[in-house]
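K.L.:
With chain A's structure known, arrange chain B on it following the hints.
Residue numbers (our numbering), protein chains in the order written: chain A, 17 to 499; chain B, 17 to 499.
Derived by calculation from the structure, the hints in this document are not laboratory data.
A couple of the hints might just be wrong.
Pairs involving identical chains hold if they fit within one copy or between any two copies, as the list cannot separate such chains.
Pairs of lysine to any residue, SDA-like flavour, derived with a Cα cap of 25 Å [to be verified]: (1) 27 x 365; (2) 286 x 200; (3) 25 x 483; (4) 240 x 413; (5) 117 x 458; (6) 33 x 215; (7) 31 x 53; (8) 27 x 345.
There are 2 protein chains.
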Amino acid sequence: MDRYKINFKDKGKIKRKSKVRKNIENLIDELEIKDAMTISFHHHFRNGDLIGSMVMDILDRKGIKNLTIFPSSLTSAHDDFGKYIKSGLIGKICTSGLRGKLGQDISSGLLEEPVVVRSHGGRARAIVQGDEKIDIAFLGAPHCDVQGNANGFEGNSPCGSLGYAKVDAKYADKVVVLTDDLTEEIAMPYSIPAYDVDYIVEVDSIGIKEKIMSGATRSVTNPKELLIAKKTAQVIEELNIVQNNFSFQTGSGGSSLAVAQFLRESMIRKDVKADFALGGITGHMVNLHEEGLVKKLLDVQSFDLSAVSSLKNNKNHFEIDASFYADISNPGNAVNRLDVVILSALEIDTKFNVNVITGSDGVFRGASGGHSDTAAGSKVCIVVAPLVRGRIATVKEKVLNIVTPGSTIDVLVTDHGVAVNPNRKDIIDKLKESKVKIIDINDLREMAEKITGKPEKINYTDKVVGLIEYRDGSIIDKVYQVK
Amino acid sequence: MDRYKINFKDKGKIKRKSKVRKNIENLIDELEIKDAMTISFHHHFRNGDLIGSMVMDILDRKGIKNLTIFPSSLTSAHDDFGKYIKSGLIGKICTSGLRGKLGQDISSGLLEEPVVVRSHGGRARAIVQGDEKIDIAFLGAPHCDVQGNANGFEGNSPCGSLGYAKVDAKYADKVVVLTDDLTEEIAMPYSIPAYDVDYIVEVDSIGIKEKIMSGATRSVTNPKELLIAKKTAQVIEELNIVQNNFSFQTGSGGSSLAVAQFLRESMIRKDVKADFALGGITGHMVNLHEEGLVKKLLDVQSFDLSAVSSLKNNKNHFEIDASFYADISNPGNAVNRLDVVILSALEIDTKFNVNVITGSDGVFRGASGGHSDTAAGSKVCIVVAPLVRGRIATVKEKVLNIVTPGSTIDVLVTDHGVAVNPNRKDIIDKLKESKVKIIDINDLREMAEKITGKPEKINYTDKVVGLIEYRDGSIIDKVYQVK
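Bound-form chain A, shown alone (with noise of 0.2 Å):
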């Protein structure tokens, strides 16, 4: 007998649905937002950023309270967001960055909920293993067409790759896809599928394209920055990692960009070539790329308008997603790859230990990023930052805070000399035959507060204002309110 059953219905044709949708106030009252859900959003546009504004002023007028805000970082574009804490619309906040007056507004307990700050990988981590859910995402894209393919390199406020919005777009349980330039022909290649966009809304503009280089991205001309890039490439020289298909990464700082240039004439005397460089892509790598000297780029955030040129042109600039970046989760994330990463800091300890999240005054000023991502993928972690800032000591006995821990940091390279952390044995070793001198780090604290005194104690209120997460989700550091 024959135990198998035809149960096909005939249903013909598809009938083809469309996702886009007249106006953003009509669609968010079509997606029934609650109070208390979790919405995200991105910033590739950085402080060109329309899109988070835009989103919860309408949500503010509609009357919702207690968001979760999880933004892939939070920028100059949000440091009007303390109105949305006083109005109740925004009940917590995670980021990667936090600064200007939201950051003040922030430390000094404006929100009753610490905010959590992630590393980009850690983010990528926490969506990817569900410890966050996203509700909604609402995604600027530069490019989108009718069925939801997006990209941030064409249309007319291109920002370049959309990394972290990838991840969002994956993961959040309703997509969102606001964009100022919809197509009927199909985005390819695309940096968000169709399948992964619920609705598409068209809007006047998402974002200023102009404003996606931040301070962060300068050139360099600090002729201390410059000295510090110069000894960082004695280094990086005599520890010989610049050798056929080597893979690297700068950070954002003025030191560890100027140590691209550096790099640029090492590869030429060396004639070899870098496998890759990887992260935030700047015009500096767009050209060590165009020239040959680097094959590819693994682009997580394009860092100006050259690297957004770059991504749309270029056949080996790549965009790749933050947990393809930096997910710890991810066994198969690029920072494990990396044979050098080059970070800024704004503290380091002697333990080694960086805060890259709050300045001296212990107030929010920066962004947790990459740091500690790249730093414990990487072979070696070079931090670059000056021994003192103005009258204020970098390199101190006890970091205000912890972002990246010291066991991940193998190298410091001050204005005033170069440490090794105690447990890069190998590292020691090589750099004791050369011409490079190690100091220790107890010593550059020690001249440091020699020049600076020792700093002030700061008045803190038992109130935790942050927590700081790690990439594996455990919680490093916490953040107390600021008197």
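P.N.:
Below, chain B alone, put in the same frame as chain A:
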């Protein structure tokens, strides 16, 4: 009081683990493959595939029993798989296609369990929605780096798109990449991302690239096929499908390939460009693309070496996965955007139902492919077929087996006339006012029968040897054992 606990445990730098294993025999021991598991592989090498037999041979020697094999399709490279049925290694088969000796074996009842035949979109859907769980995917990749990023268009044996394999990589419990080109350099762009890959093994050869061009994609010289193609072009012309940014797919049969040539002339005459061509990509499509007539190629499977090299070199030749291509559960699937698809048929009946899986003797000799997917998704689906083949009618009262329901087929073009599905009044109305003469499909059947006579009845047993699953997961037909 402070309810937040610091719970960071310092693990220092990341310890890198290698996924690379020395040889496949050892790996298979490590994998602890058990009886009745489901394993998969892909058919991107078509008749040149070496992976299927390589893996099955070892598993057979290890005495494994009752596996479900779940390849994206089976080709002549797997013609001798009957021996693994006899040995007890294979307990069940799920595939898109079944031909040659293995098709004969199955049709004559060698395998106890019925073969499950799925379309390319249906297979992706079954995986994505969890109807089928792949325990271990053995995926041949022409180029792979040490972390597992892999693609199909670099290396010594490129096969082009890995569109089917991408879905397996994403959803299988364990993913093994077999490669004959393992590199230290990062393999970007990747088809399969490292994070989907658990193990990598280097083998001597994964496939014979010259054999990826199968008989199904030959060039067209047959005058009957050219006549059908010309009539099809006329229908497309009269329906005014060739407009700026239209999209199309041509199947792999001779006539449907020839249609591409007529489309070219039409585009040049009208001075319009297609937005994209979809599906299995051939050198014909590449020519149209390089000529600037088709803006983008969306490639789930590269049908010849010209397509392989285009995928590598042409910026707007994109690899897509089977779910993006045709998965009904994927709201952004590409078949839903198609303006027109041209498909072939082994048989078509007066209700427009199409058989592309069994021959006129009832024996497996075809493949479901993207047939039912594109038929359902496209605005206009045209089936092209000669009225008779040799002494056998193509248009019949009732097809032996239904793969694609007639409700999704819009037009039938034969060398003896054009029939339109009565449910497409819009098409009938347009063609009535044109030079295309519409003929009733029942009349076509009569004409065919006059030429061939009544077909002899096939002697089936009551044993079910195949279940044809429609793209939504329902069973649309059963295939019976042939005496």
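K.L.:
It remains to establish, for every hint, whether it holds in the given structure.
P.N.:
Checked hints:
1. 27 x 365: For residue 27 and residue 365, only the inter-copy Cα distance (18 Å) is at most 25 Å; the intra-copy one is 67 Å.
2. 286 x 200: between (50 Å within a copy, 20 Å between copies)
3. 25 x 483: Answer is between: at 16 Å across copies they meet the 25 Å cutoff, but 54 Å inside does not.
4. 240 x 413: within (23 Å within a copy, 87 Å between copies)
5. 117 x 458: neither (35 Å within a copy, 77 Å between copies)
6. 33 x 215: Close inside one copy (11 Å), not across copies (41 Å); limit 25 Å.
7. 31 x 53: Intra 32 Å, inter 37 Å, cutoff 25 Å: neither.
8. 27 x 345: between (42 Å within a copy, 15 Å between copies)
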